[in-house]
Amino acid sequence: LTRDACFEVLDSLRDGGLPVVEVYGKEGRGRRHALEAGFIQTQSRREQGWAVRAGDRHCSLFAAGVGLPTTDYAWPNPDGYALNLPEPGPSSRWQEPADFEAPLIGEVEARELFAGIARTLDRELPGARLSLACLDEGSAESVLVSSTGIDVDWRQRMAYLRLEAEWRGARVEAERSERAARLFHPVALARLLADRLVVLEDGTSPDKDRGEFVLAPAVGARILASLEPILIGEGAAERARRVLEGAGRGTSGSKFTVVDDGALAQGLLTAPVDGEGVPQGRRVLVERGSYRAPIREWRFTKPGEPIHGCIRRSSWRDIPRIGASHLFIDSDPECPAGDLIAGVTRGYYLVEVTGQPRVDWSTGRLSVPVCGFHLARGQAKAPLAGAWFETTVSGLFRSVQGAARDLAFLPLGAMVGSPSLLVSGPEIRSSPSR
Amino acid sequence: MPFTGLDTAAASRALSLLVEHSGDVVDAFFERSELIEVPAEGEPPGIRCWRESGLAVRLLRDREIWAVSCDGFARDALRDAIRRVARSYPRTAFPLPDLDLKAGSRVDEDLGALVRLPSQLATSLRVRRVAFPMRVKTRRHRRQIQVIGPRVVAPVEEESYYSVVVETQWQSFGDLFGNVTPIHVEPLADRLVEAFRAREAPPPTEGVTTLVLGHHAAAVLLHEGVAHALEADTLAATGPPEAALGIELASSLVSVVDDPGAAPDGVKRQTDDEGMPVVRRWLLRDGVVEQILADRSYSERCGRFEPGAGRRSDRHQRLGPRSTYLEMLPGRDNLESLIQGAGEGLYAPEADRGLLDPRTGFFLVSFPYGRRIRRGVLAEPVGRFLIRARVADLLSRVIAVGGESAAGGAGWCAKGGQRLPVWASTAPLVIEAAEVEV
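So the protein lines, in turn, are chains A and B.
So in the numbering used here, spot 432 of the first sequence is number 432, and the numbers just go up one at a time.
In the numbering used here, each number is its position in the second sequence, counted from 1, plus 434.
Think of the hints as simulated: they come from the structure by calculation, not from any bench.
Keep in mind that a hint or two might mislead.
Said to hold, decoys possible - Cβ-Cβ distance ranges computed for the label pairs, FRET-style:
1. T204/A with E866/B: 30 to 38 Å
2. R210/A with R550/B: 53 to 61 Å
3. Q379/A with P674/B: 41 to 49 Å
4. T204/A with R824/B: 19 to 27 Å
5. R3/A with T557/B: 34 to 42 Å
6. R210/A with E740/B: 14 to 22 Å
A virtual CB, placed ideally from N, CA and C, is assigned to each residue, including glycine.
Using the sequences plus the hints, can you model the full thing?
Okay, here's the thing in structure tokens:
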């Protein structure tokens, strides 16, 4: 029904004198369960909306509305600039994951998940309190048709959990995503919160030190997300050239390989096409420490370059924009994370960031507030907190000596992922350098 | 009428089916909105239009909230939402109503004011002998809502305002207007010129100094330091909200009122987003906390707060207590006198970012540029700086409030991921011994 309505609008606009038309329809349902400031909230949503882009060689318009696409709409007069739409690409081998059909989590189950986390947290760390829990789960179906011949549909499903816990003066936050809310494990989540609280409460930081570092996936992912300005868009290559100073070329031995793949099997945002209907696939941005190319939309690719979709529209309301989908540091399927830690003679295991990473794009300096453990001969010796992990962007490209197989993604706008990384060369400090 | 065909009596009767206890709060929220955007030059599509409608039904019982929201006004949308909030088929003393809403009135397509604004701004800058590359995006926002409860049907509320975003190579500016006319463009041009002249200025030296805030900077400071700090949900994050009543939060020179009924034309409200009458709410009287910003959930929970400050950015978002229109009672002196009285210090005409950590009471306000004050007069420009302080520490150091109030948009509030326009009428402020960071 939605597809028929999309074609009806497409034909109507073409007949009205706009030869380039794209109609996007999306229908979704979602549930939110929240425990916040003493209130328990259960909310369910049904959303149905559409968006049209239409134009010709001189002008264009965007219009969006709720319900099914309709020709009975007071279209604004097209203005401004020409609209170009992609041609259909070769169909990819994408296969829809099997778990789309499972029902969304119910009220009782969600409350039991929160209660389970709170119970385990109190058992692991008496006195600790789950101060906030917010679980969003939703599924959506999208249809996209265009005057250039694109006619695709796809489905997506995701659950997102945000937790905050307090103990004595310490407070930690954790965000996790899964395909379905039932995959969240209350005991594992509670232990993660308890570990972080203990580290923050008891940890100390050296004034300044060097050594080997093992970065847990949460730390690697947040650092990677902070590098998006050199990985996405037209100005990215120029910014990368400035901060890498040639160090991004031919750095043998580095295991720092960065990939974006919108069709990643088991990825939470996986889809056969992007928001304009261009097939998605694996795109290598950095290979073994060597900067290759940023994520670039089809309009700017050079002849002969492979085209992978990279236009995101998280809702029907959004103007399609370039972005990452599953942006991650490549893992080594042969290497357990424990081997990286066991191999550290003297150094630090950084398990979480405690604030926003800072990148000074004029100098390339990268400063990340972190917590974790002091390591000696592969063993955790003491908690580390109030510390800053410091390096440069070019130093990071060069100094990743190992990547484990425990690739994990965090919802940081896009899904941004990293395995545990072994890094040598950076500094740990008690305050960021100026 | 925006909701012609809505049988409010039938909806009200149907909602009463959800009430089981005397303290139950039940309501239905109907919404239509329209947003027209003229993007910056070179950004197709050339004109953008979003039109939405939908509803939400809510049941608040003790400390539990059940809510259902949907897009559009399908015939069975209200019936379905009531059933789902009830979580079982409610006892049907009378049939649940079908919706039969007529389409909203067609919008006039006179977008001339939006389209002309960038060229008006360029002209204003040229008059000031300034020109630089900039990208200007203009928007017109319209929204109509109606809230229906089991006993009361609130009047239809309509909002209409404009927003503009100007991106330059050194800074992004935003502003809100009740209307877009050349008169409104002039102050924006003044701000752009000030920022342009300070674009390469070094930041000020860190340390303690006297800080004079202009109207816009004072509005952001009060929004973060007074409005957010006195929202019931912010206070509830650390303890009982009523504990804040009577606390001396600011110097006795600071009196702040939230009064959505006195907001500029186009955003003035009679009722809030849960249909409760808005009130003139003294947040600070002579520096002492007198009232808290509360919605019905916190009013029912605490019993000491007036509801009427419930807001939501759209039907899918949770209602929460928020300010709409902050008024700071003016003092006596004009801005020049305040600067003269400061002697040495910094002048910050505007702030571009603010953040309050409800758990620590620390808040941060960032100023994109400013001017050094030397011997009581404005001197060389300075670059970006910020203040980070506890709310009470900073506000208790206000030593003068200007006598000339100016009303306007304070900016977009993004608390809890909901983007809401906030408005203010403020006067310049002088803060002594403010700790400035860069």
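Assuming the hint says 30 to 38 Å, is it satisfied by the Cβ distance from T204/A to E866/B or not?
37 Å, holds
Assuming the hint says 19 to 27 Å, is it satisfied by the Cβ distance from T204/A to R824/B or not?
25 Å, holds
Assuming the hint says 53 to 61 Å, is it satisfied by the Cβ distance from R210/A to R550/B or not?
60 Å, holds
In this structure, is the beta-carbon distance linking Q379/A and P674/B contained in 41 to 49 Å?
Given a distance of about 46 Å, which is inside 41 to 49 Å, the answer is holds.
Is it true that R210/A and E740/B lie within 14 to 22 Å of each other by Cβ?
59 Å, violated
Can you let me know if the beta-carbon spacing of R3/A and T557/B is within 34 to 42 Å?
48 Å, violated
Violation of the numbered hints given earlier is confined to hints 5, 6; the remaining hints are satisfied by the structure.
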